[in-house]
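Take a look at the letters that make up each chain.
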Amino acid sequence: MSAAASRGSKPSKAKEAIVSTVERHTIAVLVDNEPGILARVVGLFSGRGYNIESLTVSETDAREHLSRITIVTRGTPMIIEQIKAQLDRLVPVHKVNDLTVGGPHVERELALIKVRGTGEKRVESLRIADIFRARAIDSTIDSFIFEMTGSLDKIDAFIKLMEPLGLIEVSRTGVVAIARGNQGL
Amino acid sequence: MAMKTTSAPTPDNTAAPAQDWTGSEIVLKALVEQGVDVIFGYPGGAVLPIYDALFQQNSIRHILVRQEGGAVHAAEGYARSTGKVGVVLVTSGPGATNAVTGLVDALMDSIPIVCLTGQVPTHLIGNDAFQEADTTGITRPCTKHNYLVKDITKLATTVHEAFHVARSGRPGPVVIDLPKDILVGRSPVYASPTGTARRSYNPRTEPDPRRIEEALDLMMKAKRPLFYGGGGIINSGPKASELYTQLVRATGFPSTLTLMGLGALPAADPLFLGMVGMHGTWESNHAMHDCDLMIAVGSRFDDRVTGKLTAFSPGSKKIHIDIDPSSINKNVRVDVPVVGDCGKVLAALLAGWKQRKAKADGKALAEWWKQIEQWRARDCLRYEKSDKIIKPQYALERLYALTKEREDVFITTEVGQHQMWAAQFYKFQKPNHWMTSGGLGTMGYGLPAAMGVQIAHPDALVIDVAGEASILMNIQELSTICQYRLPVKAFILNNQYMGMVRQWQELLHGGRYSESYMDSLPDFVKLAEAFHCVGLRATKPSEVDDVIKEMIKVKKPVVVDMVVDQAENCFPMIPSGAAHNEMLLGPADKQPKPAPKKPGGGPISEEGMVLV
Ligand SMILES: Cc1ncc(C[n+]2csc(CCOP(=O)(O)OP(=O)(O)O)c2C)c(N)n1
Ligand SMILES: [Mg+2]
Chain A
2 MSAAASRGSK PSKAKEAIVS TVERHTIAVL VDNEPGILAR VVGLFSGRGY NIESLTVSET
62 DAREHLSRIT IVTRGTPMII EQIKAQLDRL VPVHKVNDLT VGGPHVEREL ALIKVRGTGE
122 KRVESLRIAD IFRARAIDST IDSFIFEMTG SLDKIDAFIK LMEPLGLIEV SRTGVVAIAR
182 GNQGL
Chain B
181 MAMKTTSAPT PDNTAAPAQD WTGSEIVLKA LVEQGVDVIF GYPGGAVLPI YDALFQQNSI
241 RHILVRQEGG AVHAAEGYAR STGKVGVVLV TSGPGATNAV TGLVDALMDS IPIVCLTGQV
301 PTHLIGNDAF QEADTTGITR PCTKHNYLVK DITKLATTVH EAFHVARSGR PGPVVIDLPK
361 DILVGRSPVY ASPTGTARRS YNPRTEPDPR RIEEALDLMM KAKRPLFYGG GGIINSGPKA
421 SELYTQLVRA TGFPSTLTLM GLGALPAADP LFLGMVGMHG TWESNHAMHD CDLMIAVGSR
481 FDDRVTGKLT AFSPGSKKIH IDIDPSSINK NVRVDVPVVG DCGKVLAALL AGWKQRKAKA
541 DGKALAEWWK QIEQWRARDC LRYEKSDKII KPQYALERLY ALTKEREDVF ITTEVGQHQM
601 WAAQFYKFQK PNHWMTSGGL GTMGYGLPAA MGVQIAHPDA LVIDVAGEAS ILMNIQELST
661 ICQYRLPVKA FILNNQYMGM VRQWQELLHG GRYSESYMDS LPDFVKLAEA FHCVGLRATK
721 PSEVDDVIKE MIKVKKPVVV DMVVDQAENC FPMIPSGAAH NEMLLGPADK QPKPAPKKPG
781 GGPISEEGMV LV
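Just so you know, the sequences run in chain order A and B.
Numbering follows the numbering used here, in which position 128 of the first sequence is assigned residue number 129; successive positions increment by one, without gaps.
Numbering follows the numbering used here, in which position 296 of the second sequence is assigned residue number 476; successive positions increment by one, without gaps.
One chain only, chain A, in its complex shape (with noise of 0.2 Å):
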């Protein structure tokens, strides 16, 4: 929050941070595990306004009841500050971590491509699949199952390219991420 808050006041600084530029931000966050979390998170978005681009959560510390969230969200500066800052009010939640201001971070997603198609297509689709290094984890006469992993943007790209060759399908877990280096959240 210092650095950001001890900008030089300018008198059009509130206009500045108006008009300033949207930033996406990935951010880990760790809760205690317990009914209702989920909601108090996603309804902390939904009723102050603030976008979701993808969420993932799921118990990371079974001995001691803890999740760890993953939120990928869009916002200005101040509002990135905002949604922090919120988020540390709630009661459960242990930490938050702003991944994309930490350092560098390894972001990571896991999609299921079905895609049907039959001949040439069929064949080109496996191709490609190897060069992204999707493997085909089910398949049948005319149709296969791609599992991948991968940062976002090569995902979006494989599935831009299974578009033409009869993609009928696609489910992504959202990001998870982690800092890199040797220290934890």
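Just to be clear, a hint being listed does not mean it is correct.
Calculated cross-link-like contacts (lysine-lysine; reagent style DSBU-like; alpha-carbon spacing at most 30 Å) [what the hints assert, rightly or not]: (1) 96(A) x 330(B); (2) 539(B) x 610(B); (3) 96(A) x 334(B); (4) 161(A) x 115(A); (5) 96(A) x 524(B); (6) 534(B) x 497(B).
Don't read these hints as lab results, they were simulated from the structure.
On the provided structure of chain A, position chain B with the ligands as indicated by the hints.
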């Protein structure tokens, strides 16, 4: 849910280790350990076990309200006048939904409340059972936190945690939803409060010393400084108001206060500029606009205070002291954020100021005060006096004049013009004596809140400054007031209009008074009598003093029907969407007024029209 009068075996708290308790007994035991001596509530099927347990003990007093909404406001009044947590007990379904407005009110104004709600038995949850409502779902965004207790062994610790959450950090309402099977079940597990908080919840109260230094640096350099104190000072406890007053005096800086902050600095202090914001004083709002250093203490840059954000205090550096990090940089970017409890931050600032032997920039400060005195000389609260018709401002001036000698006067309000006039004309000299619904603006708040204050301070003079429209929203509480012989005074400024609505319609909507006139109002004197209260009426200025004196003298609940000018408007006013220096003043102000923004247009811009 037939009533049973046969007495159950009395719980024996001195018995041997083999003892167990019902869930209801555990709840009450935990409440007693939390220092609760009074609960505001209303019974129903799901909470009958608690009512049965209440019947069999003497530590906790139960105040039976007449509608659950009244219970929450009463608990708010109790909490705000004592600094303690207010406690509410309501049944499932409609009991809980009736409490929702009060919960949001407490959330917006950061009032510590614990609200126990009954719930259908665990195995019926989700079945649309009789009087089932998804209380935790409904109240999630209406509370600081809420709980559904599904395991009786966690009941006591949940109650203790709820109190801790309600009163610590930025205070707020907490709901505990209690299924009936938990209340009637038995358990040998009871845990006393441990004092250790939940791991994920530890609000920061101690400020970062570097921020204190930065704040002091700015304060020493300031040429046109201004303190802007809010409800956070009051919430921090009376000590914080003392420290605030000391700091303001040590620096010699002017101070304004928000609606919620009134009383943090004695109104009689010459350094006090009056309230800030939409109906704040000319001098406060101009000082906010023109200052070069704003020191926000427990205030939150609410839109009622800032007006048009892009024109808000354009030339100032801002220090913001708040216990809630999410309040900082929410609406307005600040230069020095200080996260911490107001009391602790003020103590650190005061110590630092003294240690540095700091002096304000004397010459600049004198210039600043000269400017402020010019604004003050405008006498912005002036109104046109009358000897025929009671001006609402006059009634309040007299109320203040005739009660100011007393130490124990508490003022609550409803919502509307009367609320703003009360804030302007009643001079609060100390904290915790003024309770008004600031954030939510809940009509119907004042009467039950006064009731709660009176429960906590049986001998005090507790006055609800009311509008005739608002008070009808919880008028049923006169029956509670009567039952407990509470000498609450309802001081109705009866203008037969939803005055504040009418004022906006006059200014914004071409004087089309759509549905703001109150026809068929009750005869408030007779209404008072029907509720076994004393009813008094004044219709002429010459009667005002006598009525007020009589109201104070009668040791009974009183309803005063002050028949006031129907057309009076509340000034100063910053029209919505306007800046602080675009304030409107009333007809008593004879200085030239600026021309409307567009030809034929009123004082409100198109941008402002969409604002509330
Ligand atoms: C529960 C609720 N409903 C509606 C409003 C909107 N509102 C604000 S002030 C007001 C009129 C209040 O009239 P009255 O109590 O007579 O006070 P006056 O302004 O006349 O002093 C209304 C309807 C509100 N604040 N609260
Ligand atoms: Mg009225």
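Worksheet entry | Distance restraint between residue 161(A) and residue 115(A), which requires alpha-carbon spacing of 30 Å or less | Between residue 161(A) and residue 115(A) the Cα gap is close to 13 Å, so the pair holds against 30 Å.
Worksheet item: residue 96(A) and residue 334(B): Cα distance at most 30 Å?
Response: Status holds; Cα separation ~24 Å.
Fill in: Restraint check for residue 96(A) with residue 524(B), where alpha carbons must lie at most 30 Å apart
It holds: about 25 Å lies between the C-alpha atoms, which stays within 30 Å.
Fill in: Agreement of residue 96(A) and residue 330(B) with the hint, judged by alpha carbon distance not exceeding 30 Å
Roughly 26 Å between the alpha carbons, so the hint for residue 96(A) and residue 330(B) holds.
Worksheet entry | 30 Å limit on alpha-carbon distance, applied to hinted pair residue 534(B) and residue 497(B) | 22 Å, holds
Practice prompt. With a cut-off of 30 Å on the C-alpha distance, tell me whether residue 539(B) and residue 610(B) pass.
Written response: This hinted pair holds, its Cα atoms lying about 27 Å apart.
Every hint, counting from the list given before, is met by this structure.
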